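Those protein sequences? They're chains A and B, same order as listed. Numbering of the first sequence is given in our numbering, commencing with residue 8 and proceeding in unit increments. Numbering of the second sequence is given in our numbering, commencing with residue 262 and proceeding in unit increments.
Possibly wrong hints are sitting among the right ones.
[Stated by the list, open to error] Cross-link-like lysine-lysine pairs, in silico, BS3-like; alpha carbons within 30 Å at most: (1) B:Lys358 to B:Lys331; (2) A:Lys33 to B:Lys358; (3) B:Lys370 to B:Lys358; (4) B:Lys366 to A:Lys33; (5) B:Lys320 to A:Lys109; (6) A:Lys20 to B:Lys366; (7) B:Lys358 to A:Lys109; (8) A:Lys20 to B:Lys331; (9) B:Lys317 to A:Lys20; (10) A:Lys33 to B:Lys320; (11) A:Lys109 to B:Lys331; (12) A:Lys33 to B:Lys317.
[Stated by the list, open to error] Facing chain B, from chain A, some residues (calculated, C-beta under 10 Å): (13) Ser14; (14) Ser34; (15) Thr38; (16) Gln44; (17) Gly47; (18) Arg70; (19) Phe112; (20) Gly115.
It should be emphasised that the hints constitute simulated quantities derived from the structure, not laboratory data. None of these values were measured; they are calculated from a predicted model. We treat Cβ as the ideally placed atom computed from N, Cα and C, and that holds for glycine.
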Amino acid sequence: DAGVTQSPTHLIKTRGQQVTLRCSPKSGHDTVSWYQQALGQGPQFIFQYYEEEERQRGNFPDRFSGHQFPNYSSELNVNALLLGDSALYLCASSAGTSSREKLFFGSGTQLSVL
Amino acid sequence: TQLLEQSPQFLSIQEGENLTVYCNSSSVFSSLQWYRQEPGEGPVLLVTVVTGGEVKKLKRLTFQFGDARKDSSLHITAAQPGDTGLYLCAGVYNFNKFYFGSGTKLNVKP
Chain A
8 DAGVTQSPTH LIKTRGQQVT LRCSPKSGHD TVSWYQQALG QGPQFIFQYY
58 EEEERQRGNF PDRFSGHQFP NYSSELNVNA LLLGDSALYL CASSAGTSSR
108 EKLFFGSGTQ LSVL
Chain B
262 TQLLEQSPQF LSIQEGENLT VYCNSSSVFS SLQWYRQEPG EGPVLLVTVV
312 TGGEVKKLKR LTFQFGDARK DSSLHITAAQ PGDTGLYLCA GVYNFNKFYF
362 GSGTKLNVKP
């Protein structure tokens with residue numbers, strides 16, 4: 008049973024570029040959340056997708072957008088990259104939107120913006 | 262801005278010692294979770310506490326949720342090198358929005 012898979016594992020971009028990160032949730036999970044983890048910090052909630060719609064959003068600008076596909080996989084898009092966008096981007100999946108659901112995290116995509 | 266403050270930020274101890282990590286907030290959470298994260302990996306859930314005053318034990322780890330559901334602690338007895346990692350608390354707020362603390366980086370030396 009595959010867990011949460013993310014691709015790519017590492018990515019290097021330059022300022023102003025756009026990037027797309029991908030996530031496949033754990034089998035049986037229908038909810039995908041994205042987090043940004045800067046070096047030495049805890050994960051910061053970006054947004055959550057359920058039934059192909061954005062259900063919750065954290066305090067991130069519109070440059071951060073996402074999508075969920077019918078097979079529950081998800082993409083995170085970041086436009087007009089800034090140096091401060093360099094971070095580990097984590098995807099977490101869960102079954103349903105109950106606050107008691109367990110989050111399963113992928114290993115993340117390490118994004119470096121030069 | 263972190264809703265949850267964790268202390269200490271760093272902890273380096275010898276194998277066999279005990280330690281306590283704290284997670285504090287001015288907000289009330291519907292539940293609180295503790296995760297451990299190792300380098301190059303995503304966080305892994307250790308426990309969820311829901312009721313104020315609740316205490317849960319996971320082998321040598323003891324988790325407590327404050328009576329007012331604003332704070333929590335994690336106590337590790339007789340720490341081992343395998344306990345090394347980043348410990349994160351996460352408060353669940355406003356229905357399924359998880360706010361993470363900045364973490365406590367624990368290093369247990371053999």
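To see whether the hints hold, each was checked on the structure:
{"no.": "1", "hint": "B:Lys358 to B:Lys331", "in the structure": "holds (16 Å)"}
{"no.": "2", "hint": "A:Lys33 to B:Lys358", "in the structure": "holds (19 Å)"}
{"no.": "3", "hint": "B:Lys370 to B:Lys358", "in the structure": "violated (35 Å)"}
{"no.": "4", "hint": "B:Lys366 to A:Lys33", "in the structure": "holds (27 Å)"}
{"no.": "5", "hint": "B:Lys320 to A:Lys109", "in the structure": "holds (20 Å)"}
{"no.": "6", "hint": "A:Lys20 to B:Lys366", "in the structure": "holds (29 Å)"}
{"no.": "7", "hint": "B:Lys358 to A:Lys109", "in the structure": "holds (12 Å)"}
{"no.": "8", "hint": "A:Lys20 to B:Lys331", "in the structure": "violated (40 Å)"}
{"no.": "9", "hint": "B:Lys317 to A:Lys20", "in the structure": "violated (44 Å)"}
{"no.": "10", "hint": "A:Lys33 to B:Lys320", "in the structure": "holds (27 Å)"}
{"no.": "11", "hint": "A:Lys109 to B:Lys331", "in the structure": "holds (20 Å)"}
{"no.": "12", "hint": "A:Lys33 to B:Lys317", "in the structure": "holds (27 Å)"}
{"no.": "13", "hint": "Ser14", "in the structure": "violated (14 Å)"}
{"no.": "14", "hint": "Ser34", "in the structure": "violated (17 Å)"}
{"no.": "15", "hint": "Thr38", "in the structure": "holds (8 Å)"}
{"no.": "16", "hint": "Gln44", "in the structure": "holds (8 Å)"}
{"no.": "17", "hint": "Gly47", "in the structure": "holds (8 Å)"}
{"no.": "18", "hint": "Arg70", "in the structure": "violated (19 Å)"}
{"no.": "19", "hint": "Phe112", "in the structure": "holds (3 Å)"}
{"no.": "20", "hint": "Gly115", "in the structure": "holds (6 Å)"}
The structure is inconsistent with the numbered hints 3, 8, 9, 13, 14 and 18, although it conforms to all the rest.
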